[in-house]
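Protein chains in written order, with the numbering used here: chain A, 18 to 269; chain B, 12 to 141.
Treat the hints with care, since some could be wrong.
[Said to hold, decoys possible] So the derived label-pair ranges between C-beta atoms look like this:
#1 A:L19 with B:R71: 34 to 40 Å
#2 A:D163 with B:E16: 56 to 62 Å
#3 A:Q83 with B:E17: 52 to 58 Å
#4 B:M12 with A:S96: 42 to 48 Å
#5 B:P94 with A:D163: 28 to 34 Å
Bear in mind the hints are in silico, worked out from the structure with no lab data behind them.
C-beta atoms are modelled at their ideal positions from N, C-alpha and C, and glycine is treated no differently.
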Amino acid sequence: MLLKDQVALVTGGSRGIGRAIVLALAREGARVAFVYKGAREAAEQLVAEVTKTGGSAVALQGDVAQADTASRIVEKVLSDWGRVDILVNNAGIIRDGLFVRVEQDDWDAVIDTNLGGVFQFCKALAMRMASQRSGRIINISSVAADFVNKGQCNYAASKGAVNSFTRALAVELAGRGVTVNAVAPGFIATDMSEAVRNKAGDLIQKMIPMKRLGQPEDVAAVIVFLASPAAAYVTGQVLTVDGGLSLGISGP
Amino acid sequence: MQSKEEIQRKVAAVLVDALNVDEEEVTPEARLQADLGAESIDFLDIVFRLEREFGIKIPRGELFPESIFQGDPDFIKDGRVTPRGLAELKAKMPFADLSKFEKNPTLEGISDLFTVDAIVNYIENKLQAA
Numbered sequence: 018m019l020l021k022d023q024v025a026l027v028t029g030g031s032r033g034i035g036r037a038i039v040l041a042l043a044r045e046g047a048r049v050a051f052v053y054k055g056a057r058e059a060a061e062q063l064v065a066e067v068t069k070t071g072g073s074a075v076a077l078q079g080d081v082a083q084a085d086t087a088s089r090i091v092e093k094v095l096s097d098w099g100r101v102d103i104l105v106n107n108a109g110i111i112r113d114g115l116f117v118r119v120e121q122d123d124w125d126a127v128i129d130t131n132l133g134g135v136f137q138f139c140k141a142l143a144m145r146m147a148s149q150r151s152g153r154i155i156n157i158s159s160v161a162a163d164f165v166n167k168g169q170c171n172y173a174a175s176k177g178a179v180n181s182f183t184r185a186l187a188v189e190l191a192g193r194g195v196t197v198n199a200v201a202p203g204f205i206a207t208d209m210s211e212a213v214r215n216k217a218g219d220l221i222q223k224m225i226p227m228k229r230l231g232q233p234e235d236v237a238a239v240i241v242f243l244a245s246p247a248a249a250y251v252t253g254q255v256l257t258v259d260g261g262l263s264l265g266i267s268g269p
Numbered sequence: 012m013q014s015k016e017e018i019q020r021k022v023a024a025v026l027v028d029a030l031n032v033d034e035e036e037v038t039p040e041a042r043l044q045a046d047l048g049a050e051s052i053d054f055l056d057i058v059f060r061l062e063r064e065f066g067i068k069i070p071r072g073e074l075f076p077e078s079i080f081q082g083d084p085d086f087i088k089d090g091r092v093t094p095r096g097l098a099e100l101k102a103k104m105p106f107a108d109l110s111k112f113e114k115n116p117t118l119e120g121i122s123d124l125f126t127v128d129a130i131v132n133y134i135e136n137k138l139q140a141a
């Protein structure tokens, strides 16, 4: 087991990519606390699933867009488990729409969750990780930060900011043995991408050089790598996990 | 009230942990940056650990005043600390020994004011005031 006895904190952990991350980290021996916003049942099922396989997980309710959520959650994890070794900022939302129709609320919700959540949780843990001279921060970004789609100004802006934030924080924490990286998934088969997938149908699969959608497990495996000792010298990077989607248009 | 020796011992322990240095290196005159290799984030960590160790609150900029470092033309000119800047430093850092620095107040020299002894003095003053 690569992460035996380590403590991981995953936001947006109950569903989609986050769920796969929780399972993968737990499988490698980490104790995993994860944050969920509304999917209580899914969260409880996930805790049960991890526990059944001999792992250790706890679900904590909270909205990462709220300013006090991170400090509350971090305090809780620290009081229960004493430390946090791995932070995975995974919670993210979309509020797609052509820019001229994007309302302030759509903008705020996406920025506050996707970027604000990253800020809050990093803020709550960075000094502590620096102090313990170890730590892994992994932010979930998106290929949509650089390879943009219509209707995603807010989403692309939030993920582009996460990439820049990742590099900037990496430089500050590098001397303290804390790495900060991002993972940029392409099209992954989750609830979040369902609407887009339904609309585009087979077209998406044809666009992806690997000719298949990514699975949450494809992303989770990269998170495990970045959290593991093997990635000790990797920091400030945005690792794309997209089956080649961002390389360009894939011909017949 | 803790004795000066006690404070010295605790401050040294904090610095050993925060800077990953050997105890022998932490002499009273040792400079945090030049001798003990402290980087920007290390200063925050030192504050963080001192607060915990001594049960005190250290307001931002009190132990390591930042205002002087921001290149304010009133305080720093051509890489040297102006008389006004020097007065500011003295006011902000009553716990530091500026006697040597005053003779050649260069910008780079400011970091040399942060010595182990300066921290001990700071903590001592702080605990007395409490």
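Results for each hint:
no.	hint	verdict
1	A:L19 with B:R71: 34 to 40 Å	holds, 39 Å
2	A:D163 with B:E16: 56 to 62 Å	holds, 59 Å
3	A:Q83 with B:E17: 52 to 58 Å	violated, 43 Å
4	B:M12 with A:S96: 42 to 48 Å	violated, 32 Å
5	B:P94 with A:D163: 28 to 34 Å	violated, 52 Å
In summary, the numbered hints that this structure violates are 3, 4 and 5.
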